[in-house]
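Colleague: Chain by chain, the residues:
2 protein chains.
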Amino acid sequence: MKRIALDMDGVLADVYNHFIKMHFEETGESLTIEALEGKTELEAFPHIRKHVNSTGFFRDLKLIPGCQQYVEQLNQQYELFIVSAATEFPLSLSEKQIWLNKYFPFLTWRQMVFCGSKEIIRADIMIDDHFKNLDYFPGETILFTQPHNKFADAGRHRRVTHWEEVGQILL
Amino acid sequence: MKRIALDMDGVLADVYNHFIKMHFEETGESLTIEALEGKTELEAFPHIRKHVNSTGFFRDLKLIPGCQQYVEQLNQQYELFIVSAATEFPLSLSEKQIWLNKYFPFLTWRQMVFCGSKEIIRADIMIDDHFKNLDYFPGETILFTQPHNKFADAGRHRRVTHWEEVGQILL
Numbered sequence: 001m002k003r004i005a006l007d008m009d010g011v012l013a014d015v016y017n018h019f020i021k022m023h024f025e026e027t028g029e030s031l032t033i034e035a036l037e038g039k040t041e042l043e044a045f046p047h048i049r050k051h052v053n054s055t056g057f058f059r060d061l062k063l064i065p066g067c068q069q070y071v072e073q074l075n076q077q078y079e080l081f082i083v084s085a086a087t088e089f090p091l092s093l094s095e096k097q098i099w100l101n102k103y104f105p106f107l108t109w110r111q112m113v114f115c116g117s118k119e120i121i122r123a124d125i126m127i128d129d130h131f132k133n134l135d136y137f138p139g140e141t142i143l144f145t146q147p148h149n150k151f152a153d154a155g156r157h158r159r160v161t162h163w164e165e166v167g168q169i170l171l
Numbered sequence: 001m002k003r004i005a006l007d008m009d010g011v012l013a014d015v016y017n018h019f020i021k022m023h024f025e026e027t028g029e030s031l032t033i034e035a036l037e038g039k040t041e042l043e044a045f046p047h048i049r050k051h052v053n054s055t056g057f058f059r060d061l062k063l064i065p066g067c068q069q070y071v072e073q074l075n076q077q078y079e080l081f082i083v084s085a086a087t088e089f090p091l092s093l094s095e096k097q098i099w100l101n102k103y104f105p106f107l108t109w110r111q112m113v114f115c116g117s118k119e120i121i122r123a124d125i126m127i128d129d130h131f132k133n134l135d136y137f138p139g140e141t142i143l144f145t146q147p148h149n150k151f152a153d154a155g156r157h158r159r160v161t162h163w164e165e166v167g168q169i170l171l
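So the sequence lines, in the order shown, correspond to chains A and B.
Oh and the first sequence: position 1 is 1 in my numbering, straight run, nothing missing.
Oh and the second sequence: position 9 is 9 in my numbering, straight run, nothing missing.
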């Protein structure tokens, strides 16, 4: 059974719309997803570090559309691990686990990895929205489109823009 | 540079003496390390799940003697990751990070992994006190002696009883 390392933020959890909401609350400025395409997350949201270090940020994120049903199916056909960069933001550790338990109750604690660098991950397939994670991974790589990577050359990574495409490739 | 996956509980953090203290506070019974040798942790401490789920348990652990100086040296000569089973005990996540930051301030968030199963770990060397982690690891394995594994046949794993021995092997 092949092992998948599946990212959270930007793949399961919709961080962009939450950043946009927090940006509006803080500045009164309404941003659109389209206006943020091609910018890094830090370029798009100058206060991003304050946002991700606030209590509740990771607990309150909404789902990326469609991901629940596909994750449930992947979980039946693969050895699935959720691998999330979390140790940079200490508050995120418990909030991420609470969030996973809420939206993916079929996953167990054995399948959750909260780390810093993902270079230590051993799996066959990695699904992630960040090149810094995919580029060091020796297996099959799927780049999940998010505004920050939208115009970048995917290189050796296979780009998907919706969960339906993940399903078409892996199920 | 070779990569080491280094366990916390029973290798860096002295869980046994803390369990003995909590057992005494709860029952009035004084246990000795010697009396616990050869027993599983659950056999040794029937209330272990209550202990590890109490606030402060992982934050208040003392160090296994000598580990700080050797970890600092390993950190200079290897790509070092601390890999700790933590997601089974949700309170432990933030407490373990606080504990690592306190006793090993030279380690960064990039080097910390809080997981469930360690089968997903890719490294060259694993140092751990549990066969359930070492047995699935394809690289070099070092079994750190703790009361629960003291009389077990180490098998393919190299057994060490003190941090000095880890230093002799790896430094």
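I should point out that these hints are in silico values taken from the structure, not numbers from a laboratory.
Keep in mind that the hints are not guaranteed to be accurate.
To be verified - Calculated pairs, EDC-like style, for lysine to aspartate or glutamate (alpha carbon to alpha carbon, straight line, at most 20 Å):
(1) B:K2 x A:E88
(2) B:K150 x B:E165
(3) A:K2 x B:E79
(4) B:K2 x B:E88
(5) B:K102 x A:E88
(6) A:K150 x A:D14
(7) A:K102 x B:E88
(8) A:K132 x B:E79
Unchecked claim - Cβ pair distances, simulated, as ranges:
(9) B:L171 x A:K132: 40 to 48 Å
(10) B:A152 x A:H47: 47 to 55 Å
(11) A:E26 x B:Q68: 55 to 63 Å
These numbers were taken from a predicted model, which means no experiment stands behind them.
The C-beta atom is built at its ideal place from N, Cα and C for all residues, glycine as well.
Colleague: Of all the hints numbered above, which does this structure not satisfy? Sort the numbers upward.
Modeller: Hints 1, 3, 4, 9, 11 are the ones this structure does not satisfy, whereas the remaining hints hold.
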